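Enquirer: One line per chain: the protein sequences are A and B, in this order. Counting in this note's numbering, the first sequence runs from 269 upward without gaps. Counting in this note's numbering, the second sequence runs from 1168 upward without gaps.
It cannot be assumed that every hint is accurate.
Partner residues aside, some chain A positions facing chain B, computed with beta carbon under 8 angstroms [what the hints assert, rightly or not]:
1. Q308
2. W309
3. V331
4. F349
5. T350
6. S369
7. Q443
8. G493
9. A494
10. L496
Below, in silico cross-link-like pairs of lysine to aspartate or glutamate (DMTMM-like), each with a Cα-Cα straight-line distance of 25 angstroms or less [stated by the list, open to error]:
11. K311(A) / E1243(B)
12. K311(A) / E1196(B)
13. K1177(B) / D1194(B)
Think of the hints as simulated: they come from the structure by calculation, not from any bench. All figures in this text were calculated on a predicted structure; none of them were measured in a lab. All residues carry an ideal CB built from backbone N, CA and C; glycine is no exception.
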Amino acid sequence: MTLTGWQLAFAFVVFPGVIFTAGVGLLLTWVDRFVSARVQWRKGPPVYQPFADMLKLLLKQTVVPAGASKVTFLIAPLIGFTAMCITAVLLFYVNFFPGDSFVGDMIVLVYLFALPPLATIIGASASRNPLSAVGASREMTLYLGYELPFLLALSVPVILTGGKIRLGDLVMFQQAAGPFLASWSGAIAAIIVLICIQAKLGYPPFDMAEAEQEIMSGVLIEYSGAPLAMFRLTKAMMLFLLPCFLVTVFWGGLTNWWVVLKLLAVVVLVILIKNTNPRFKIDHALRFFWFILGALGIVAVILAFAQL
Amino acid sequence: MKDPRIWGLKKSPWVYHLAAAPCNNCDIEILELLTPRYDVERFGVVLVGSPRHADALLVTGVLNRKSLPRVLEVYEQTPKPCLVIGVGTCACGKQIFRNSYNVVGPYDKYMPVHAYIPGCPPKPETMILGVVKALAKL
Ligand code: SF4
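With the rest of the complex left out, here is chain A (with noise of 0.2 angstroms):
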């Protein structure tokens, strides 16, 4: 089917576009520092605590540091919400009407997906600060190592269906056989990704590029009120959405209410990982994904084609 202009605004906007998304992203947010909280054994947060972050820093003052890209700066953190809200509406899309996608729109979401770090690594090199600069070269080094084992994970699925590139197909698959999940080679996938949606989100044992104690924020150091509010927004949707993806295309697609559950339990697993997990450094990571889950994701593709 195809929506018309009202019913594509809407898309875009109310539903599954930026409103929804962002407000489901910044509850998941609350639920990350929650559960952070009780790991620790403190109380956490109340549940309005992330969107009185957001209100603050909508309202608060947005210095542009002396010498800074001035445009480059303030546009950076906008090419990743954007590109947020496109993946909101063609993921959401692709479940609703899984037999009216286009062909290869999962290599277009995995594009989408890229964009939040490249508008990171832009808008922290477009604010000259040294300590910015070595958050946005380790979020380039990571961004080069987590991509290849991504995309390893992704033709897993591709492979077991038989080469059908599309979403919609893969979703329509596993509605009449079963989520990849259930056989090895889609069980490696799905750990791998699991693993790589740690990394994209920035999450320990991940996130050098912000690493707090020793390059104070790292790629955000600069960024204040707004433009800052907007690169937590981009964050917390891809929290929400990335678990999204993920359950798409291994664990039977958003088909119905069950979902809620799936994608609560991964945002929960990758919660645990976050707090149980010291920082790697950045050559180690690069090493892990490299060397340790590129070859994973290797086994994984030869039981695709095994049919395992």
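Use these hints to put chain B with the ligand onto chain A, whose structure you have.
Expert: Below, chain B with the ligand without anything else, positioned relative to chain A:
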């Protein structure tokens, strides 16, 4: 409560910990606030790594000729509105260093300070009380 900016500031004060030549005891006591026993994240307080993200500066230590320009620079880097809270007897009254040639005076000679929290080091309860009073004044 009319101004949403003030509401936001009250509900999520992010603090930056500005050590201007303290003995480090106050700093450790500030970190104590984040432990499970006091858990100030309940009130939205987060310790941030960059003054650009901060809403409140917790300054500790005696202001001296070396630290004054740095403290002023960090204060100017912080986006407004921002609170300044002096923690410890050093920040309040120059402590035993008051006759030193190097000490340049109280903080409020150079920037607006919203609260002074006495104690050497102050107890975490005192610090919470001080921050609450400073926020209530807004
Ligand atoms: S007030 Fe006491 S504990 Fe705090 S910095 Fe000064 S001497 Fe140290």
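Enquirer: Looking back at the hints listed earlier, which ones does the structure fail to meet?
Expert: When the structure is compared with the hints, numbers 4, 5, 6, 7, 9 and 11 turn out to be violated.
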